[in-house]
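> Okay, here's what each chain looks like letter by letter:
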Amino acid sequence: MVSSIPKDSQSVSELQEFYRQMVLIRKFEEAAAKAYSVGKIGGFLHLYIGQEAVGVGSIAALTPHDYIVSTYRDHGHALARGLHPNPLMAELFGKATGISKGNGGSMHFFDKNAHFMGGHGIVGGHISLAAGIAFASKYKKEDSVTICFFGEGAANIGSFHEGLNLAAIWKLPVVFICENNHYAMGTPEYRALAVKDVSIRAHAYDMARDHIEGDEVRKVRDHVKVAVERARRGEGPTLIEVSTYRFRGHSMSDPAKYRTKEELEAYKKKDPLMRARHELELGGIKPEELDKLEIEIQTQIDEAYQFAETSPEPPLSQLHKYVYAEDK
Amino acid sequence: MAILTYREALNRAMVEEMEKDPLIYLMGEEVGHYQGAYKVSQGMLDKFGEERVIDTPISENGFAGIGVGSAMVGLRPIIEFMTWNFSLVAIDQIINSAAKMNYMSGGQFPMPIVFRGAGGAGGRLAAQHSQAFESWYAHCPGLKVVCPATPKDAYGLLKSSIRDNNPTIFIESEVLYGSKGEVPEQEYTIPLGLGEIKRKGTDITLVTWSRALSFAEEAAIILEKEGISVEIVDLRSLRPLDENLIYESVKKTNRAVVVEEGWPVAGFGAQISHLIQKNVFSYLDHPVERVTQMDVPMSYAANLERMSLPSANRVADTIREMLR
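First to last, the protein sequences are chains P and W.
Under full-length UniProt numbering, the first residue of the first sequence is numbered 1, with each subsequent residue one higher.
Under full-length UniProt numbering, the first residue of the second sequence is numbered 1, with each subsequent residue one higher.
It should be emphasised that the hints constitute simulated quantities derived from the structure, not laboratory data.
There could be a bad hint or two in this list.
To be verified - Computed list of chain W residues with no C-beta within reach of chain P, every gap over 12 angstroms:
id: 1; residue: E19
id: 2; residue: E196
id: 3; residue: D203
id: 4; residue: V265
id: 5; residue: R290
id: 6; residue: D317
Stated by the list, open to error - Heads up, simulated DSSO-like pairs for lysine-lysine below, C-alpha to C-alpha not over 27 angstroms straight-line:
id: 7; chain 1: P; residue 1: K141; chain 2: P; residue 2: K225
id: 8; chain 1: P; residue 1: K140; chain 2: W; residue 2: K20
id: 9; chain 1: W; residue 1: K20; chain 2: P; residue 2: K138
id: 10; chain 1: W; residue 1: K47; chain 2: P; residue 2: K138
Just so it is clear, the structure is predicted and the values come from calculations on it, not from any experiment.
For glycine and all other residues, C-beta sits at the position ideal for the given N, C-alpha and C.
Excised from the complex, chain P in its bound form:
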């Protein structure tokens, strides 16, 4: 493991905060997986475990008035945005206290106040929505930047091309972040991508590009920050490909037999959490301190689980509510 040692107390505390967020995501999802296996969570459950450094690093490059558009694998992005685990877990349980009042579920976390513009379930469909949010920022002459997460599978759908082309010709303040975890459900990238490096497609739109490994959280933050600042200066969008890996299957129902144990083990050695912990220790943080942090987070997750479990289901009167918005 090549490690970068945090140089000063500021970068240590920064990394410690990133570590806290990544552990929060991991423990949140481990609890969700447990709840799913005993039938407390229904539908699809796509876990982010292994990819934490991408969401945490990217979102750390934003200000609170920037916007985030996410995919069906949205738990990590929502937690990295700072959303409280209670309403997120409650959403997974389909409860009235959920972040989308139980109407959304795992794939549809939304928080308007936090500018968390949704998890979206149709692969790639949300790429042009992100361009649209960026379009609105430009239209209203606000300096917000939108970042849009998607997988390498989404890079093959028409919406990717149309969204990037429109964003490029209009120089919209948006950063497209391709989280390449190398499998679109069960289809490996070599069977789906004519050109393996998704970021190279930026050339087709005369767009800035970047390509990074996604296991080092501060590196992700630094690279995304460059793109966010470029967008904020009005210099247009960037396509960033972040190479990462999901340790679980595509969803809870996927045993992931299409990949080898050796491959999984090799990636687990690059676990972004392990890496960050190692770097923190090199930076002078005692292991006991990190253990304590993990216990605190586990307590927080246990509380979220409890909150979700004891929250009421949505009232039946909600069934017909929200189909249409109230009049202007």
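Given chain P's structure and the hints, the job is docking chain W onto it.
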């Protein structure tokens, strides 16, 4: 009272609304420099500039998505599809994004967006450019579906659609763009979900919308000479639907025919027919009938196109048969 064409009425509605609200913009292929493929946006680029009348490349899925995203953060887009035939490549954004955004977010994201453009069949445009899709969109909860038949209605309904906080499918009739009618000079709106009796009668109710109104009106004139009195209900919007207007008319006439431009199978007329038999069954003296486009893609050949489309004669024949 001014005499305006259907396209002029639509243009006036958009211009007036955009003058009032800077959050409204118009986007689509050729809406700006070309002045609109069907000239509905004529003159708007000069008036509002390129920031608000925005030409796009050919990429319906992309710019429909831009519209939806921008509506999530408070803009009020009018997205023009050059024709509704092309909307099919954007249908994911319309149904999976626009129609469901407010619901799946638990009410956090109203969707004040209008998708509008030319629809309907005819003009020898053949299979891919000649079809009526209102039934497809009316199928989906979360959308409003508006189909005006006259310049007066087009103006009032478009203004209401623009002001609505929900995604509205506003289907203009390509064949009617040049048609003329009286439009009051005073500003007005027509609430979505309010149909209108376009002609009073006592023997039979024709339920219709958009261009099919002209077939119904023509048939009513033919039948009047034969002593048959036809009442015409113009729904104007399919979602929301003015159900009571239909029922009150059927209670009076005891017979109903739905006249529509679209295909028969799973068409909106089937829904209306169901509602009538479900809610005013005891008033019916005859099963509800339908006059639709034939159950085939549109042919280019002039005679086959004529045969495929609904017509006044087919409406009149259906009614004569029902009254025999």
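> Against the structure, test the hints numbered earlier, and report the numbers of the ones violated in rising order.
The structure breaks none of the hints.
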